[in-house]
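**Q** Protein sequences appear in the order of chains A and B. The letter at position 229 of the first sequence is residue 228 when you use numbering that gives the first Met the number 0, and the numbering goes up by one with no holes. The letter at position 84 of the second sequence is residue 83 when you use numbering that gives the first Met the number 0, and the numbering goes up by one with no holes.
Note that these hints are calculated values from the structure, not bench results. Incorrect hints may appear among the rest.
The list makes no distinction among identical chains, and a pair is therefore deemed to hold if it is satisfied within one copy or across any two copies.
Calculated cross-link-like contacts (lysine-lysine; reagent style DSBU-like; alpha-carbon spacing at most 30 Å) [stated by the list, open to error]:
1. K185 to K26
2. K62 to K114
3. K107 to K185
4. K220 to K59
5. K59 to K185
6. K93 to K220
7. K93 to K185
8. K185 to K114
9. K93 to K107
10. K114 to K52
11. K187 to K107
12. K93 to K187
13. K107 to K129
14. K220 to K185
15. K107 to K220
16. K220 to K114
Number of protein chains: 2
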Amino acid sequence: MQVSDLGDHISRRYDQDLEQLRSDVLKMGGLVESQLQSAITAIVSGDSELGLKVAEDDYKVNKLEVDIDEQCRRLLATRSPAAGDLRLIVAIIKTITDLERIGDEAEKIGYLASKLAAMDRPSDSYRELKTLGNHVSVMLRDAMNSFARLDVDEAIRVAQEDDQVDEEYDAIARQCITFMMEDPRKIKRSMNVTWTARSLERIGDHAKNICEYVIFMVRGKDVRHTGEVDPTDIAD
Amino acid sequence: MQVSDLGDHISRRYDQDLEQLRSDVLKMGGLVESQLQSAITAIVSGDSELGLKVAEDDYKVNKLEVDIDEQCRRLLATRSPAAGDLRLIVAIIKTITDLERIGDEAEKIGYLASKLAAMDRPSDSYRELKTLGNHVSVMLRDAMNSFARLDVDEAIRVAQEDDQVDEEYDAIARQCITFMMEDPRKIKRSMNVTWTARSLERIGDHAKNICEYVIFMVRGKDVRHTGEVDPTDIAD
Numbered sequence: 000m001q002v003s004d005l006g007d008h009i010s011r012r013y014d015q016d017l018e019q020l021r022s023d024v025l026k027m028g029g030l031v032e033s034q035l036q037s038a039i040t041a042i043v044s045g046d047s048e049l050g051l052k053v054a055e056d057d058y059k060v061n062k063l064e065v066d067i068d069e070q071c072r073r074l075l076a077t078r079s080p081a082a083g084d085l086r087l088i089v090a091i092i093k094t095i096t097d098l099e100r101i102g103d104e105a106e107k108i109g110y111l112a113s114k115l116a117a118m119d120r121p122s123d124s125y126r127e128l129k130t131l132g133n134h135v136s137v138m139l140r141d142a143m144n145s146f147a148r149l150d151v152d153e154a155i156r157v158a159q160e161d162d163q164v165d166e167e168y169d170a171i172a173r174q175c176i177t178f179m180m181e182d183p184r185k186i187k188r189s190m191n192v193t194w195t196a197r198s199l200e201r202i203g204d205h206a207k208n209i210c211e212y213v214i215f216m217v218r219g220k221d222v223r224h225t226g227e228v229d230p231t232d233i234a235d
Numbered sequence: 000m001q002v003s004d005l006g007d008h009i010s011r012r013y014d015q016d017l018e019q020l021r022s023d024v025l026k027m028g029g030l031v032e033s034q035l036q037s038a039i040t041a042i043v044s045g046d047s048e049l050g051l052k053v054a055e056d057d058y059k060v061n062k063l064e065v066d067i068d069e070q071c072r073r074l075l076a077t078r079s080p081a082a083g084d085l086r087l088i089v090a091i092i093k094t095i096t097d098l099e100r101i102g103d104e105a106e107k108i109g110y111l112a113s114k115l116a117a118m119d120r121p122s123d124s125y126r127e128l129k130t131l132g133n134h135v136s137v138m139l140r141d142a143m144n145s146f147a148r149l150d151v152d153e154a155i156r157v158a159q160e161d162d163q164v165d166e167e168y169d170a171i172a173r174q175c176i177t178f179m180m181e182d183p184r185k186i187k188r189s190m191n192v193t194w195t196a197r198s199l200e201r202i203g204d205h206a207k208n209i210c211e212y213v214i215f216m217v218r219g220k221d222v223r224h225t226g227e228v229d230p231t232d233i234a235d
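Assemble the whole structure, with the sequences as input and the hints as a guide.
**A** If you want it as structure tokens, here you go:
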């Protein structure tokens with residue numbers, strides 16, 4: 000074996016390791032998406048059992064986070080990645096933290112679904128939570144797609160969706176206060192609806208964070224805390 | 000200059016860089032602690048102006064996060080740290096994310112303080128929020144001390160405080176629901192009290208996360224998601 004072959008081999012192995020890492024992050028994203036979808040279904044259909052299953056399954060998300068974290072540290076220690084590879088690994092360390100916290104929010108929604116299932120249901124089956132839930136669910140899926148394709152334009156578009164999600168959340172929270180003031184017997188249910196909406200709103204925040212890491216990873220520029228994620232701000 | 004001198008010089012410079020990094024994290028921790036303290040004072044004393052100042056000053060926390068993040072990436076790229084140094088840097092990347100989110104919660108509490116200041120005040124001046132606020136404030140300070148001194152025993156002790164914080168939060172949330180049911184005119188105020196308590200409870204979570212990074216950094220073992228942070232689980 001010549002030195003150049005060895006170099007190739009090492010480099011191929013390194014590429015494979017990076018590819019494996021990316022693929023594991025996407026797997027974790029897929030699992031979190033499916034947890035979120037189940038949690039929304041549990042709320043809308045009043046399925047207490049499904050809600051509790053989501054809560055129980057959160058350990059799977061946590062396990063993936065610990066595994067991926069370890070892969071990242073191993074690559075940092077053994078490969079001394081530079082430039083784009085280093086940005087990829089740092090972005091992944093941050094992305095999995097946000098994915099894990101989306102998992103935590105899905106877990107909370109699962110518990111809230113089981114509480115709501117035991118209460119009187121409104122005639123519209125929590126339509127507003129379904130709408131908000133689907134919105135953040137699409138945001139999360141698109142954020143992970145932008146990660147998979149390193150698509151900065153998509154990441155910017157998805158990050159900007161967060162303002163809309165915040166408005167939808169505010170509308171639900173205000174409506175809940177109105178319901179509670181009109182009929183104090185609805186206070187407990189309305190509180191659970193508010194908590195669910197709040198968890199969904201936070202999932203939108205985490206999806207936005209992931210988009211910002213994608214932009215940083217591709218462009219090498221940190222766009223967090225710069226106000227709006229503005230395309231002109233991160234032009235090449 | 001001899002090679003060995005150069006080696007020493009490079010190593011000294013590296014040590015200085017790591018020391019600077021640790022010192023900046025502690026500075027960020029100090030700023031976040033002071034933001035939290037001001038936010039609690041604003042709630043308790045009904046000081047709307049102070050609450051809004053806390054909210055406005057959050058950009059200082061964000062700026063420190065971005066600066067430290069950049070230092071971490073520079074060290075990873077130029078020094079190829081291994082073992083303990085690598086764990087330190089990875090732990091710092093995570094710690095500053097939690098500190099930044101504590102800053103976000105303090106910002107929210109600042110806004111809530113300005114809302115509460117415009118409402119009728121209860122005779123006890125939100126004593127329960129003051130108690131919870133002081134508790135998480137001490138947790139945060141102790142978590143940062145355990146980071147400064149790499150004190151695993153202290154980190155374990157502080158992480159275990161989080162259960163107590165959760166109980167205090169639950170008690171406040173339950174009490175708020177009772178108040179709202181007794182007197183619907185108190186609904187808006189009680190909601191703001193609930194949100195404040197929730198933000199404080201989350202600050203406790205973030206302080207616990209920081210303790211878990213300290214344990215990981217010193218022992219090289221990831222104790223997240225292992226259930227209780229149990230001293231026997233992370234013995235040498």
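**Q** Give a verdict on every hint.
**A** Cross-check of the supplied hints:
{"no.": "1", "hint": "K185 to K26", "verdict": "neither (40 Å within a copy, 46 Å between copies)"}
{"no.": "2", "hint": "K62 to K114", "verdict": "within (27 Å within a copy, 41 Å between copies)"}
{"no.": "3", "hint": "K107 to K185", "verdict": "both (21 Å within a copy, 27 Å between copies)"}
{"no.": "4", "hint": "K220 to K59", "verdict": "between (32 Å within a copy, 19 Å between copies)"}
{"no.": "5", "hint": "K59 to K185", "verdict": "neither (35 Å within a copy, 41 Å between copies)"}
{"no.": "6", "hint": "K93 to K220", "verdict": "both (15 Å within a copy, 19 Å between copies)"}
{"no.": "7", "hint": "K93 to K185", "verdict": "neither (40 Å within a copy, 41 Å between copies)"}
{"no.": "8", "hint": "K185 to K114", "verdict": "both (14 Å within a copy, 24 Å between copies)"}
{"no.": "9", "hint": "K93 to K107", "verdict": "both (22 Å within a copy, 23 Å between copies)"}
{"no.": "10", "hint": "K114 to K52", "verdict": "within (13 Å within a copy, 39 Å between copies)"}
{"no.": "11", "hint": "K187 to K107", "verdict": "both (16 Å within a copy, 24 Å between copies)"}
{"no.": "12", "hint": "K93 to K187", "verdict": "neither (36 Å within a copy, 36 Å between copies)"}
{"no.": "13", "hint": "K107 to K129", "verdict": "both (16 Å within a copy, 26 Å between copies)"}
{"no.": "14", "hint": "K220 to K185", "verdict": "neither (48 Å within a copy, 47 Å between copies)"}
{"no.": "15", "hint": "K107 to K220", "verdict": "between (34 Å within a copy, 27 Å between copies)"}
{"no.": "16", "hint": "K220 to K114", "verdict": "neither (44 Å within a copy, 36 Å between copies)"}
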